[in-house]
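For the sequence shown, numbering that gives the first Met the number 0 assigns the number 0 to the initial residue and increments by one for each residue that follows.
Hints in this document: simulated from the structure, not taken from any laboratory.
No experiment lies behind these values; they were computed from the predicted model shown.
Accuracy of the hints is not assured; some may be wrong.
Stated by the list, open to error - Derived CB-CB ranges, DEER-like:
1. Val42 x Ala116: 12 to 22 angstroms
2. Leu37 x Pro111: 28 to 38 angstroms
3. His58 x Glu93: 18 to 28 angstroms
4. Asp54 x Gly119: 27 to 37 angstroms
5. Ala116 x Ala43: 54 to 64 angstroms
6. Arg122 x Glu68: 20 to 30 angstroms
In this text, a Cβ means the ideal position worked out from N, Cα and C, and glycines have one as well.
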Amino acid sequence: MNDLTRLAWPLAEIGDNFPDSGPRLSWSDLWAYGIALLVAAIVAAAVMIVRRRNDMTIHCENPWKLFRELCLIHDLDHPSRRLLASLAAVRRYEQPAQIFLTPAAFDANDLPEDWQARAGHLRRLKDILFDKQLS
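With the sequences and hints as input, model every part of the structure.
Have a look at this one:
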């Protein structure tokens, strides 16, 4: 270390006389710390975005957020959520959450032919949404 650095930072050599002190950090070591800090910042930003997206206390006029909240309240799994969203699209509802208000929408008789295979799942969903009392 040159004399100017010693004068500028007198504490720079603390620990140099310990036998197992290991090598000093150099500027090239900071790349790893910088990358780790960048990854941590990206993860923190992603967590904040997901938390804000799923925050149901904030007023919003997003119909898909309402649909997601209703699915969470009824404890529906992902295949059931996809089926309800598809059913709302087949029924041509403006808002996907309208499916939660219309028991007649679950009648598979007037649905296209490829929906007949899903009739059992639709019946179970209708039972969950309309026949079970929420506590």
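For this session: Would you list, in rising numerical order, the hints stated earlier that this structure does not obey?
Result: 1, 2 and 5
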